[in-house]
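From just these sequences and the hints, can you work out the full model?
Protein chains in written order, with the working numbering: chain A, 36 to 284; chain B, 36 to 284.
Note that these hints are calculated values from the structure, not bench results.
There may be inaccurate statements among the hints.
Which copy is meant is left open, so a pair is good if it fits within one copy or across any two.
[As the list claims (entries may be wrong)] As a list, the in silico DMTMM-like pairs of lysine to aspartate or glutamate whose alpha-carbon atoms are at most 20 angstroms apart:
#1 Lys105 to Asp90
#2 Lys105 to Asp272
#3 Lys214 to Asp277
#4 Lys214 to Glu193
#5 Lys105 to Glu193
#6 Lys214 to Asp279
#7 Lys76 to Glu139
#8 Lys254 to Glu193
#9 Lys105 to Asp277
Predicted, not measured: the structure shown is a model, and the values here were computed from it.
Number of protein chains: 2
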Amino acid sequence: MTQPIPASPQDSPFARKLTAFVTLSQNDLSVMSDLYRRRRKFAVGIDIIHQGQTDQSAYVLASGWACSYKILRSGGRQIVDFQIPGDFLGLRSVLFRTSDHNVEPVTPVRASEVTQGELLDAFSRTPRLAAAVLWAASRDEAMVVEHLVNLGRRTAIERMAHFLLELNARLRLVGMADKSGFLCPLSQYLLADALGLSAVHVNRVLRELREEGLVTFQKGRVTFDNYDDLVTLAMFDRAYLDHDGPLLA
Amino acid sequence: MTQPIPASPQDSPFARKLTAFVTLSQNDLSVMSDLYRRRRKFAVGIDIIHQGQTDQSAYVLASGWACSYKILRSGGRQIVDFQIPGDFLGLRSVLFRTSDHNVEPVTPVRASEVTQGELLDAFSRTPRLAAAVLWAASRDEAMVVEHLVNLGRRTAIERMAHFLLELNARLRLVGMADKSGFLCPLSQYLLADALGLSAVHVNRVLRELREEGLVTFQKGRVTFDNYDDLVTLAMFDRAYLDHDGPLLA
Numbered sequence: 036m037t038q039p040i041p042a043s044p045q046d047s048p049f050a051r052k053l054t055a056f057v058t059l060s061q062n063d064l065s066v067m068s069d070l071y072r073r074r075r076k077f078a079v080g081i082d083i084i085h086q087g088q089t090d091q092s093a094y095v096l097a098s099g100w101a102c103s104y105k106i107l108r109s110g111g112r113q114i115v116d117f118q119i120p121g122d123f124l125g126l127r128s129v130l131f132r133t134s135d136h137n138v139e140p141v142t143p144v145r146a147s148e149v150t151q152g153e154l155l156d157a158f159s160r161t162p163r164l165a166a167a168v169l170w171a172a173s174r175d176e177a178m179v180v181e182h183l184v185n186l187g188r189r190t191a192i193e194r195m196a197h198f199l200l201e202l203n204a205r206l207r208l209v210g211m212a213d214k215s216g217f218l219c220p221l222s223q224y225l226l227a228d229a230l231g232l233s234a235v236h237v238n239r240v241l242r243e244l245r246e247e248g249l250v251t252f253q254k255g256r257v258t259f260d261n262y263d264d265l266v267t268l269a270m271f272d273r274a275y276l277d278h279d280g281p282l283l284a
Numbered sequence: 036m037t038q039p040i041p042a043s044p045q046d047s048p049f050a051r052k053l054t055a056f057v058t059l060s061q062n063d064l065s066v067m068s069d070l071y072r073r074r075r076k077f078a079v080g081i082d083i084i085h086q087g088q089t090d091q092s093a094y095v096l097a098s099g100w101a102c103s104y105k106i107l108r109s110g111g112r113q114i115v116d117f118q119i120p121g122d123f124l125g126l127r128s129v130l131f132r133t134s135d136h137n138v139e140p141v142t143p144v145r146a147s148e149v150t151q152g153e154l155l156d157a158f159s160r161t162p163r164l165a166a167a168v169l170w171a172a173s174r175d176e177a178m179v180v181e182h183l184v185n186l187g188r189r190t191a192i193e194r195m196a197h198f199l200l201e202l203n204a205r206l207r208l209v210g211m212a213d214k215s216g217f218l219c220p221l222s223q224y225l226l227a228d229a230l231g232l233s234a235v236h237v238n239r240v241l242r243e244l245r246e247e248g249l250v251t252f253q254k255g256r257v258t259f260d261n262y263d264d265l266v267t268l269a270m271f272d273r274a275y276l277d278h279d280g281p282l283l284a
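Below you can see the structure in the form of structure tokens.
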């Protein structure tokens with residue numbers, strides 16, 4: 036589940052991810068390595084970002100999985116997305132006065148803390164990195180849009196298939212999966228809160244997908260038994276993840 | 036519905052909006068006015084941005100309303116958001132190889148075309164503008180997250196109330212509304228596609244809101260009859276719009 040911390044900035048999941056958008060120069064990598072300086076650890080059960088709190092830092096996730104969610108005044112919770120190595124945690128929080136969401140670890144997490152000042156300083160040293168971070172934020176938004184379509188227009192089984200294919204594509208970009216599948220630490224409760232289903236429903240949908248020979252989620256591993264048919268079922272078009280880079284030389 | 040085009044960059048809706056995040060310097064304003072050079076007009080019924088197309092420009096909306104939406108392979112459509120003056124149209128499209136969504140005018144639109152090269156050039160001339168555009172993109176994402184919560188966790192009447200309060204807050208930021216209400220060109224069909232309801236259901240929900248003395252949507256105008264009670268019903272907390280700036284002096 037966890038990955039060894041890479042020795043050099045260009046091997047980091049963050050750099051691998053941004054390389055889908057921009058060819059990173061030595062200067063870009065040097066500015067990025069400054070953003071890695073303050074590495075912190077978070078245990079499961081302790082929020083990394085708090086909804087309603089001001090003066091939050093953002094983090095670049097180095098290893099482990101996290102999830103972002105909103106608590107409603109009615110007491111319910113909606114998981115917005117999961118974060119994997121290379122993703123920002125709380126990028127919005129570092130730009131907004133008040134964080135509008137929570138982030139908590141799904142597994143033990145190592146992440147580098149970045150303040151607003153450090154981020155703006157990095158932007159002025161390399162505007163290409165600013166463009167790359169804007170690209171990453173746009174990709175995050177594109178995923179939330181897909182999750183909106185998931186909830187609004189897809190059946191439970193299509194939703195689950197789409198979700199597993201998206202996770203696989205994201206993990207492949209940072210070298211943590213291949214087309215055969217991936218290690219997945221998500222419980223059925225987390226899947227339920229992300230997909231707007233009950234845990235019982237999640238269990239039924241996963242059984243259906245397995246019995247139809249499409250995908251098996253067992254013992255912390257997702258195995259694609261028939262990748263192409265799963266793509267057809269989910270109407271999965273990975274263009275919105277924009278992984279065929281770099282666009283910017 | 037439409038606004039006169041402002042004579043100076045600092046009076047533009049785009050500048051008014053970004054001022055919620057950053058105090059714009061003379062240099063920032065001069066770079067922004069370069070982004071306004073190629074003003075174009077779009078009639079209703081003609082897509083401004085096309086899903087699946089490459090090499091798209093982005094636009095800064097100067098006057099009129101637009102909407103962004105996705106067409107599913109199944110043929111259905113999901114409206115992701117509406118855009119008002121000061122908003123970007125297709126910011127993701129200008130960074131991605133392939134646009135993952137469509138944008139079409141809701142009313143006649145005037146908008147300034149911005150290419151990827153122009154945007155990156157502007158970032159290198161003023162990294163503060165890069166931060167402000169990242170803020171604007173983050174705010175767009177925060178709104179999509181709220182729409183996700185809308186679909187996942189709110190009833191039809193709460194959803195409509197939240198949606199009208201959000202639009203009002205956004206329009207107030209660019210000087211096109213006050214607490215009493217706003218001019219609104221959206222049809223019940225557009226509301227339905229945005230809120231995941233049928234047009235008949237939209238009609239019923241609007242009647243309920245009117246009969247309870249909360250809000251009246253008639254003849255292209257939304258009038259808040261009891262703003263505070265509407266906020267309570269919708270559990271509307273405008274922190275996610277981050278309008279209390281500027282944060283960055």
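Status of each hint after checking the structure:
In this assembly of identical chains, Lys105 and Asp90 lie within 20 angstroms of each other by CA distance solely inside one copy; the values are 18 angstroms within and 35 angstroms between copies. With identical chains, the CA atoms of Lys105 and Asp272 are at most 20 angstroms apart between copies only, with a shortest distance of 12 angstroms across copies and 27 angstroms within one. Proximity of Lys214 and Asp277 under a CA criterion of 20 angstroms is satisfied intra-copy only: 17 angstroms inside one chain copy versus 40 angstroms between copies. Proximity of Lys214 and Glu193 under a CA criterion of 20 angstroms is satisfied intra-copy only: 19 angstroms inside one chain copy versus 42 angstroms between copies.
Taking the closest pair of Cα atoms, Lys105 and Glu193 come within 20 angstroms of each other only across two copies (17 angstroms); inside a single copy the shortest separation is 24 angstroms, beyond that limit. In this assembly of identical chains, Lys214 and Asp279 lie within 20 angstroms of each other by CA distance solely inside one copy; the values are 16 angstroms within and 46 angstroms between copies. In this assembly of identical chains, Lys76 and Glu139 lie within 20 angstroms of each other by CA distance solely inside one copy; the values are 12 angstroms within and 46 angstroms between copies. In this assembly of identical chains, Lys254 and Glu193 lie within 20 angstroms of each other by CA distance neither inside one copy nor across copies; the values are 22 angstroms within and 40 angstroms between.
Proximity of Lys105 to Asp277 under the C-alpha cut-off of 20 angstroms is restricted to the inter-copy arrangement: shortest distance 16 angstroms between copies versus 26 angstroms within a copy.
Hint 8 from the earlier list is the only one contradicted by this structure; the remaining hints agree with it.
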